[in-house]
Amino acid sequence: MNVPAAWYLVLAAGLFGIGAFGLLTRRSALIMFMCIELMLNAVNLTFVTFSRTLNDISGQAIVFFVMVVAAAEVTVGLGIVVAVFRRRSSTSVDELSEMKG
Amino acid sequence: MIGAAYSIPSVLVFVTSAMLILVGAIGVISVKNPVHAALCLIMTLFGVAVAFVAQSADFLAAVQIIVYAGAIVVLFLFVIMFLGVDRREHIHFEPLVGQRAFAAVGVAITVGGLIALMARSHWVSGASSVTTKLSSGGGNVKELGTAVFTTYLFAFEATAALLIIAVVGAVLLARRESATQGEESA
Amino acid sequence: MKLVIPSIHYLAILPVLIFFGAALALVLASALARGKVPLGVATLTVIAAAAASIVANYFQWRCVAKAGASVTIAHAVVLDDFSVVASGVIALSVIMTALVAHDWAIRERVSGVEFHILALASASGALLMTQANDLIVIFLGLEILSIGLYVLVAFDRHRSTSSEAALKYFLLGGFASAIFIYGAALVYGATGSTNLSTISYFLGTNVLLHPGLLYAGGALLLVGFAFKIAAVPFHLWSPDVYQGAPTPVTGLMASIVKVGAFAALIRVLISALGTQLDTWRPILWILIVLTTLVGASLAVVQRNVKRMLAYSSINHAGFILLGVWAGTIRGTAATLFYVITYAPIVVATFAIVTLIGGVGDEHHSIERYQGLARRQPWLGAALAVLLLSQLGAPLTTGFYAKFAVLASVVDAGGGALALIALISAAIAAFFYLRWAMALYSDDGPEADRIVVPRATAVVIGFGVAVTLVFGIWPGPLVTLAQHATVLFTP
Amino acid sequence: MHSSWWLTFLLVVPLVGAIGAALTRKREGRAYAVAIAASVLELALSLVVAFLYNDHVAKAQTFDFATRHVLSAPFGLAYDVAIDGISLLMVVLTALTVLLALLGARDRRQEPAFVAWLLLLTCFTMGSFLSHDLLEFFIFFELTLIPCYFIISQWGGKERSKAALKFFIYTFTGSAFLLIGILYLAFAHQHQLPGSALTFSYSALSATAMSHGTAVWLFIAFAIAFAVKAPIWPLHTWSPLTYAEAPTAGSIEMSALLAKLGTYGLLRFAVGLFPLALVSMRPVILTLAVIGILYGSMLACTTPDLKRFVAYSSLAQMGFITLGVMSGSTIATVGAVLLMFNHGVITIGFFLIIGFIEKRRGSILIKDFKGLQGPAPIMAALFTVVMLASIGLPGLSGFVSEYLILIGTFATHSWWAVVATFGVVAAALYLLWAYQRVFHGKAEGANAEMADATTHEQWVLVPVILLIVVLGVFPKPVLDRITPSVQQLIHHVAPAGVNK
Amino acid sequence: MATVATLLLLMPLLGFLSVLLLGRYMSEKQVGVVGTGVVAASFVLAVITFFMLIHHSSREVTVNLFSWISVGTLHVPAAMLVDPLSITMCLFVTGISALIHLYSTGYMHGEKDFRKFFLYLNLFVFSMLLLVLANNLVLTFVGWEGVGLCSYWLVSYYFDRDSAASAGKKAFIYNRVGDVGMLIAMFLLFSRLHTLTYLTIFERSGTLTPMIATLVVLALLLAATGKSAQIPLFNWLPDAMEGPTPVSALIHAATMVTAGVYLLVRMSPVLALSHSGRMTIAVIGGVTAFVAATIATSQKDIKKVLAFSTISQIGYMVLAVGVGAYGAAIFLMIAHAFFKALLFLGSGSVIHSLNGEQDMRKMGGLQKYLPLTFPTFLIGWLAISGIPPFAGFWSKGDVLTNVFEHNKALWALGVLTAILTAYYMSRLFILTFRGTERFRAETEGHDPHESPWVMTTPLVVLAALTVVGGILDLPWVHHDSLAGFLAPTFGYVAAGGHADTVAQYGLALVDVAAALFGLLAAYSIWRNISESKRWESPFLEHVWHWDDFYDATIGRPLTEAARFGDDVIEPEVIDGAITGLAVSVRRSAEGLRKVQSGFVRHYALATVLGLAVVIVFLVARVG
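These protein sequences, in sequence, are chains A, B, C, D and E.
Under the numbering used here, think of the first position of the first sequence as 29, with each following residue one higher.
Under the numbering used here, think of the first position of the second sequence as 15, with each following residue one higher.
Under the numbering used here, think of the first position of the third sequence as -17, with each following residue one higher.
Under the numbering used here, think of the first position of the fourth sequence as 15, with each following residue one higher.
Under the numbering used here, think of the first position of the fifth sequence as 601, with each following residue one higher.
Each hint should be verified, as a subset may be incorrect.
Some chain A residues well away from chain C (every beta-carbon gap over 10 Å; in silico) [said to hold, decoys possible]:
1) 30
2) 38
3) 42
4) 100
5) 117
Just a few of them, taken from the derived set where beta-carbon distance is under 10 Å, the chain A residues facing chain E [as the list claims (entries may be wrong)]:
6) 48
7) 49
8) 52
9) 57
10) 60
11) 114
12) 116
13) 118
14) 121
15) 122
16) 124
17) 125
18) 126
19) 127
20) 128
21) 129
Beta-carbon label-pair distances, calculated as ranges [as the list claims (entries may be wrong)]:
22) C:345 to D:468: 36 to 42 Å
23) C:457 to D:506: 56 to 62 Å
24) D:476 to E:710: 27 to 33 Å
Because the hints were derived from the structure by calculation, they are not lab data.
Even for Gly, the Cβ is constructed at its ideal location relative to N, Cα and C.
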């Protein structure tokens, strides 16, 4: 018998949390992206797990779309990072606080 | 205990995937070098792929490896190298006061709360198989394909738009600088 | 096993197709013409596409009137009057933005083609959101909308703030998307589906003894939406992004994002999670209080009009949320009415801000507006009217918009909430009035007369006309909004 | 029942006048001429309405000229106008005020925007008084803020922007409560009659059944809005600054007219709609009114400039009006309605004269003046008449109204009336003191050379003086028009309170 | 009769209006003629009315003019009540007014605001007539306030003198305090009896509870103390001497200040209901009479002496009212009007002759320069001192006799006051007309000159009236005299028993003795002015520090309170709460701006924390 879905769900939640924490604490825009990817992977894992417990294929189908979104985001996001880097020679988001208040 | 209730392989697979995922994830958020972080990310992605396999999502596992590890992370690495930002980040120093503590508390509460909520619902409460049943074993590619082209047909079409716009955007962001130069040189 | 491709009601998705088709056409044209597509052609294309979309909306409206609301493409897309009206508003905003952007592009000497492509594509995302009947479709619409906007925000190559804003927007947007889709995952786990109709049916026929999972998912979805509509405390990106983005883009964001996000939010909260009203209402209550008050009071201390308008739009978001909070037909109609009236006002306002911003799009300090109405009475008066409308002064649509949402909230028993919101409006009045006063002060700098290009003038005139005409005679718009909600499905 | 077209004309004339004035060219003072023509026509119309209304009282129906057209059913938005004796008086005051304000502001004849705003304000104020529908009333009530805001912020004194903002936001916040209250009431009404359309009609809503607690809360919500507008202590602090900073015509409009919206609203809506709340709220509001009388009088004694002075004295007068409105006595309420009119006329007189002085001297600080009666005896005489009316000297208009208020209130709420009576002493104190400081003594320097009132200025004040005297000596026609309406209102709220 | 009475009332108004509207086209002389003429006409009409009333079947004739105020149960007609009391008042008011108008044409000759003076005077007469003729309290109040207003205007006639301006204001405000009493009396009566018409009040007054009746009486007394300058509101009257002397004669001696007494007399049926109320009235009257007399002994200004004397004499009247001797009060009022007007006009003549000097220390020896003023003044002096057979003796005697019957202590006080009266009047007389000439510095060496005929004629007439005034009400012919004529007006009062004739003669002797004692004392002390300083007490001269007391207990605290209100409460407490709110919005906004730090990670953190809160809420909700 397979391990309970709960384990995977907790694992996914943990991954999501780690990703969120990384997003909050890392300064490099690139690594923050990676953290977002981690979170999306947590989501994917959740979907797949639910797909199993619900015995329903659509959870897996959705993962597909999430991946596409992730890819699209990365494409544009990296483009933006590049654009910012060209101007500031840094990927650290802490240097981006010209606008505030 | 564990072994008593669940089959050993499944537990092992879970532990493996969990280890891969968590170590990779912690690596992503803790290593100083972006390149290493990207590599850690790959590790996590593998872990997730393992978890997919363990839960009868073989096709997705493959896609996970190909698309994520193969394309996305490579893209990351490419950019890292391209920009030459593989320097170390001083992660021991946190310029924003209290950021880490608050982040830890906030994330802990959130994740803890989410888990608590999920546990309350016995981890799942939905109706089984609204769309198509998940066929047991690894051979669910067909069902997956069917779902994508029926239930999620519109979503599938929309992804086309999404990708196109991403491409246009990326091109624009990348090309822009040269356009400026072109203008400036002109 | 035979693959049964679901039937596609093309009329239902015609506006999206038109928008996206136009965007593709422009991409192709620009590729074939090696980037030499004249700006005018691009602008005309956008306008033609949006106009065609509006025509399509008209036929959709008639179709709904004849056959009632329907779902299509495996229940993923809805065709009802609500979506028709919402997409009409989006199309209208796109036309207005395109006109403003046209003049802006000429002034800033940028190639407008990409701008227009992205605007069309983003708008198609917003359209998708208005029609989506599936969390995944909403998610995709959200992403299409957002990704287009990320790039648009970064569009201004002359200002570092533009790319800074883009990066901030992107990082936080990605974060919010992840939260949203995680929520979708949990809701999926709780209900077995991501389809709103199915969720609704499931929740209507099953009593969840332990709704924790659903709650968790709903909370995450709600936060995802709250981010998009910039509800406090998920609003922090918006002032920076509004400030950093090229001004026409800000106008676009302020209009279509709100329409799209609110349309989707209403579908999720009212259609799908309507049974959980008692649970999400308190959360919204707090959100509304924070959003209205923080938005208004932070706007007071701004000197940059774009930031000020950002906070103002946060305040407005709080007001629009009021209609959602009500959770009734009246509330939904009020929300729709609010966005219908708000979109033209805000686009026209940003059109003026674009003008005053001058070459480089950098002069957004409020001092810049000193004495504007004395130098250029019509422009000044137009801005004054737009500001008064945002303030909620009677005889403008702004008043009825606020009135409608407040009425729905009071009807639903939220007198205190309505009062708090109105008090925030009083705080907000402070900066609208200060701005309006600057217009009429006579100690302004000796500034050059600002030339109002024809296209922008049309936009401004249209915005003012809409707010005044329907401010005096709100009947048709009210009926429209009301009608749109009556045939709200599911 | 007369045709409602008369009332519609009352609304349209100033509007058309405003548009006409705004569109004319600057130099030749044409805008001013248009505005004067419009306001004369408006006054004539209002007098016609007042005249027509006379027949009607005999038939003992209180609301006349009524009509109702629903404009937007989902919003319950309707065009619903009607007047009774109470609003009739306010209508005439509205028309009168704008004419006098315009005449007094002849030096601004070159500014079309100014007169246009004034006429627009008149239109909105007129609308508020004519409204027989709460939403319609609210819309007009709110609309009045906009012309006021622009008049103050563009043509005001040194601190005009501060004053304008304070005024606007203060009032705006106050009306927030009103709007919520109106909505709550309308929905309460709608929920009581399942299937009925949303309506804000006064006559419909006045039949709404509600619990005591609800009535109290709604009353408070309404009262806050009106107390700010009136102003009633302690929500008055916008008024001294605003009156002082506004241009003369603006001060006139605001204190003579817009303040009455507050007390009128209090009477018509707060009292008229929530009789149940009166038992518990009366003592509260009456106490505030009395405090306002004494407090306003006290501060009027020491305040440094003339417009602030009028502001504080108005605060005291508003206290009297509020006292009458809340007393629950027919006599006092009639007195209050009459005092609304009289105070309007008196304040117009005050501000006109202060405006004339300001125009000559560029100052309204009391300490800058001395002995003006010497060089300007006519001005002093005119001021004296207005002042005496304000003091409540019998034979002048102020007395009749104040007396009615006090004697009526005494019958129902003796102690408040007794304390308020000392306000009569206080009024004499601050007015005479101010008069002494400005007009008495030996004029020196610029004071000695100040020109007396010109013929034009005298003629502008003639109607004011005439009204003060005529209404003091022969108020009967006015009282006869007010009394039945007030009786009806008091009768409506009577079960909840004393009726004497 | 209605027409005549109406005309009687309206004549002065006619004068007022014609001067007001046409004054600028009229010469000074014409104004004087019109002003005096209308009042004289009024007098003639009053006489006619008087005779008509005597021959009328009823002694109470109501003349309705029009409905003034009519709301609900409150009906206030503009109507006149012609009865013995009002017509008596009319007669002496118009008569004396006519004389003083005539006098003024001379006295005010060449003044800048001559027209205005007559304007005010005519309005005053109109108001006074309205006051006495009104058939209800409200209309009386109109006249009551009208005379107060005219008094204000006339006192501050020389408005460019700060002291005059302040005095006018003071007069008005003290009167206003009294008015509160009148208003409250009206409120009480209306709330209990639902009417304000005199006759109806009297009919219904039986239903008043003693408590209410006492309150009404006390309120009326407050009104009377204001208008008639009694304790505690008396000290506006001396200041009112800032006005021109005819004004002092007419308004602040003969007519207006007696309005309070008139009011009390008019309301006598109500007074009858409250014994304690009447007692209070009597005490106030007696004490005022005494206090004012003491003060009068130490004043330096001739008009101030007369002013305090007026207060003192009115004190007698109030005392008489208090003991129920309404007839005596009215008798003294009329007699006092004669001799006090005479004295004032005489003093005016003196002042006129000395170019406006009013300080008695700078007079003396004027006897030979003022051949007409001197004898008339002499008559006035003897009359007020209570020397028979002048009017003062009879009237004061009448009062004291009545007081004796009711209260011995008050009678003793009255006699003491009589001594003081004789004393200070003699002092005044001696300092002015006798002794050495001390005025040369003021007249720049010239001899003082007698006044023109327009001024002396009234003196002569008044002197004549003073001489014969006593016959109005001689003690042994009560029934056919003034008292008998007035009696129906007080018909509701139970009359007290009369003392026997012996006692009356005894009392009369005491009066004469008191007067003579006062005269002799004054003569012995003031023969030589330089030795007499010690008889002037600073305490008395400063009016018992009464003003200082008010200033310290009411004036200054109120001013301080107003300042405090202006400086602290208004800007910092009330508005402070509002602006504080605004500031706190701004402050919290500034605080929130810090959250908006520009760091994207902070933004993300806020999102997470917000999410955490939502999740916690839901966890709590799930349980």
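Hint numbers not upheld by this structure, sorted from lowest to highest: Structure breaks hints 4, 11, 12, 13, 22, 23.
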